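Number of protein chains: 2
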Amino acid sequence: MAEEKPSTVVTCTAPVNIAVVKYWGKRDEELILPINSSLSVTLHQDQLKTTTTAAISRDFKEDRLWLNGKEDDIGHPRLQSCLREIRRLARKRRGGNGDSGSGDHPPLSLAYKVHIASENNFPTAAGLASSAAGYACLVYTLAKLYGVEGELSEVARQGSGSACRSMFGGFVQWIVGESADGKDSVALQVAPETHWPELRVLILVVSAEKKPVGSTAGMQTSVKTSLLLKHRAEAVVPERMEQMIQHIQERDFEAFAELTMKDSNQFHATCMDTFPPIFYLNDVSKQVIALVHRFNAHYGKAKVAYTFDAGPNAVLFALEDTVDDLVEVVKRSFPPENNGGQFLKGLPVHKASLSDELLTAVVRDPVPGAIRYLLLTKPGPGPMMVEDASSHLLGADGLPQSSP
Amino acid sequence: MAEEKPSTVVTCTAPVNIAVVKYWGKRDEELILPINSSLSVTLHQDQLKTTTTAAISRDFKEDRLWLNGKEDDIGHPRLQSCLREIRRLARKRRGGNGDSGSGDHPPLSLAYKVHIASENNFPTAAGLASSAAGYACLVYTLAKLYGVEGELSEVARQGSGSACRSMFGGFVQWIVGESADGKDSVALQVAPETHWPELRVLILVVSAEKKPVGSTAGMQTSVKTSLLLKHRAEAVVPERMEQMIQHIQERDFEAFAELTMKDSNQFHATCMDTFPPIFYLNDVSKQVIALVHRFNAHYGKAKVAYTFDAGPNAVLFALEDTVDDLVEVVKRSFPPENNGGQFLKGLPVHKASLSDELLTAVVRDPVPGAIRYLLLTKPGPGPMMVEDASSHLLGADGLPQSSP
Chain A
1 MAEEKPSTVV TCTAPVNIAV VKYWGKRDEE LILPINSSLS VTLHQDQLKT
51 TTTAAISRDF KEDRLWLNGK EDDIGHPRLQ SCLREIRRLA RKRRGGNGDS
101 GSGDHPPLSL AYKVHIASEN NFPTAAGLAS SAAGYACLVY TLAKLYGVEG
151 ELSEVARQGS GSACRSMFGG FVQWIVGESA DGKDSVALQV APETHWPELR
201 VLILVVSAEK KPVGSTAGMQ TSVKTSLLLK HRAEAVVPER MEQMIQHIQE
251 RDFEAFAELT MKDSNQFHAT CMDTFPPIFY LNDVSKQVIA LVHRFNAHYG
301 KAKVAYTFDA GPNAVLFALE DTVDDLVEVV KRSFPPENNG GQFLKGLPVH
351 KASLSDELLT AVVRDPVPGA IRYLLLTKPG PGPMMVEDAS SHLLGADGLP
401 QSSP
Chain B
1 MAEEKPSTVV TCTAPVNIAV VKYWGKRDEE LILPINSSLS VTLHQDQLKT
51 TTTAAISRDF KEDRLWLNGK EDDIGHPRLQ SCLREIRRLA RKRRGGNGDS
101 GSGDHPPLSL AYKVHIASEN NFPTAAGLAS SAAGYACLVY TLAKLYGVEG
151 ELSEVARQGS GSACRSMFGG FVQWIVGESA DGKDSVALQV APETHWPELR
201 VLILVVSAEK KPVGSTAGMQ TSVKTSLLLK HRAEAVVPER MEQMIQHIQE
251 RDFEAFAELT MKDSNQFHAT CMDTFPPIFY LNDVSKQVIA LVHRFNAHYG
301 KAKVAYTFDA GPNAVLFALE DTVDDLVEVV KRSFPPENNG GQFLKGLPVH
351 KASLSDELLT AVVRDPVPGA IRYLLLTKPG PGPMMVEDAS SHLLGADGLP
401 QSSP
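Residue numbers (my numbering), protein chains in the order written: chain A, 1 to 404; chain B, 1 to 404.
The set of hints was computed from the structure by calculation and includes no laboratory data.
One should not assume that every hint holds.
If the Cβ cut is set under 7 Å, some of the chain B residues that face chain A in the computed set are [what the hints assert, rightly or not]:
{"id": "1", "residue": "Leu228"}
{"id": "2", "residue": "His231"}
{"id": "3", "residue": "Lys262"}
{"id": "4", "residue": "Met272"}
{"id": "5", "residue": "Asp273"}
{"id": "6", "residue": "Pro276"}
{"id": "7", "residue": "Asp283"}
{"id": "8", "residue": "Val284"}
{"id": "9", "residue": "Gln287"}
{"id": "10", "residue": "Ala352"}
Covered stretches of chain A (chain B as the covering partner; in silico rule of three or more C-beta atoms under 8 Å from a C-beta of chain B) [to be verified]:
{"id": "11", "region": "261–267"}
{"id": "12", "region": "274–281"}
If you're wondering where the values come from, they're calculated on a predicted model, not measured in any experiment.
Ideal Cβ positions, reconstructed from N, Cα and C, are used throughout, including at glycine.
Build the full structure now, drawing on both the sequences and the hints.
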């Protein structure tokens, strides 16, 4: 096994993912071990990604972190877990002599301090689960920096549970695992992003007034109080994982769509069964759900699926040939308010002319301004290293570059 | 066993009930057999009741029905089930000779036609489960008319499942039963209304725009599609029934309140787990839930409980000494809009002066007009016969009296 020469500065990008079999609840808070397996679709980085630069130098006085250009606390326990774990793997890889600065790598002591800068190409406030992309990117970048290879999803998992699924492109399962140390609670790719080229993902960013209950606290309360969550984890999810993998392998959109919707609903049902109950869906979310069911009922089959994480934003799945119609229906149901911003972002959409029949059946009581914007994307690849030096977020001085 | 002389005209009243362990789902649609036991509190007829008059006469040409003064279809299958069942029991009681008009009852042939008039002392549209009171009253009145005694909850159940619980006052369980013919799926009184004199019930009638999915159709879809409902019925409710009975017997308000809220939440969780999902709670319902949790958190214990049936109206439980404060908090959170109607109906409430501490902790973002009115009531007795002839809803001609 040849040792690579670790770089002194590395920049990588990592994707967001959206679960279609939901993760909700930890059996171990420290190691972030889940109570059930989950499965997600990795979204394309052309639309949503985190970029992270990490650098080490003998000149750095302390470990430092910048998020979206602002210095932040690097002492966060979960971030420290990831950093510690990557350094441990690097030490192990170098046969335990990494700290002595011996042999091939005199300037790259593991004792040197690290500077990390990270930013998203989408607003953090949009509620698009930025922590998964953030921790996946952090772990991937540090691994490249320290020359660590192999199973990294287990490390990312310790930053943010769902981050382990952002370590791969396409369709990814996170295996619940059995062992107490979490070594078998890892992410595996079910199929690459090229497997289902027609699949599209439309994100509806809802204008929400309030910040909902955070997922870490929410999960804890659910695990403690919801009898239905326990049943879901033990008796429902194992079978759903098998079914979902099969639907993806067979590219069976209708079956994929129906199970995706059912699993989103069941996750929100366990939130409501939590005490005190947690509500992530607001009236606009419910209007989107009703719209999708009317759309599908009109065609007599599931042509669109919705899924919601711990917030009111909707993520819709549809095949390429349905997207133009779907976007038009959404626009008519939630007419954009003229606030100067672009309403439709991401992949291009063609103007659709809808039949009166479809409009009558599907569009009801339009709610202007209820949706801030739409983002069209598709399944995409996992984390990657950026070779172009001009992309580094840290300059030669180890401090954030001013944005280009 | 002396036979009573059946009257030719009888008027009775029956109460509404509100479930604290919820019934949702039938195992037999025809006989109305539930998938789990349930438990309810019978509300006082001084505030909410149905009145029914039934008369038989050789002069009547056909069976006829009037609801709230308007003639309605007596051919409804469930109403016919009740009528047929009571006539069958009457025939059995008379040793099979009822139809021949023999012996003691020459004028009261079971072949004579019946006229039935029924009305509520509350608006049907208020979503206050009028069918339970309605069918309980129908069955009780017909039984008095035909001189039938004994177990009648099984007959009322065949009109509307929860009607069987309105056949008793106080605290009532409906046993799920095991037999295929439903003979053991009956209501039993857990404790009479005098058992817990301090208990109060505050109904918040929410201004809803839309008629939600009806409970008959909703239940059918839930039974077909919700895995969580199946688990609830099999594994959760049996234990909750035992717990709830114990809390009531011990008059343990905190435990009663917490279990009541949890069970309401779980029922709505199973509705959300239904496919397509069913949402009965709207944003106002959720605001009421949040308000109750803040109220309880302020006192460090459950002083108020909420429960919601298949609609957005909230039913709150509290002890007498909490009611004045609770009403004031609700009024400040949902300031009445001046629409000419009375905002607080039912039992009297005293003006409360709330501490600033309580107000700051509990009242947030008031929503004027979100609640149409409040109705304060308490547990009450079961169905009863009205002796006063002036209360009959049918005149000597067998037709509805004009309202007094």
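Outcome of the hint check:
| no. | hint | result |
| --- | --- | --- |
| 1 | Leu228 | holds (5 Å) |
| 2 | His231 | holds (4 Å) |
| 3 | Lys262 | holds (5 Å) |
| 4 | Met272 | holds (4 Å) |
| 5 | Asp273 | holds (4 Å) |
| 6 | Pro276 | holds (5 Å) |
| 7 | Asp283 | holds (5 Å) |
| 8 | Val284 | violated (10 Å) |
| 9 | Gln287 | violated (10 Å) |
| 10 | Ala352 | violated (25 Å) |
| 11 | 261–267 | holds (count 4) |
| 12 | 274–281 | holds (count 5) |
Checked against the numbered hints above, the structure violates hints 8, 9 and 10; every other hint is satisfied.
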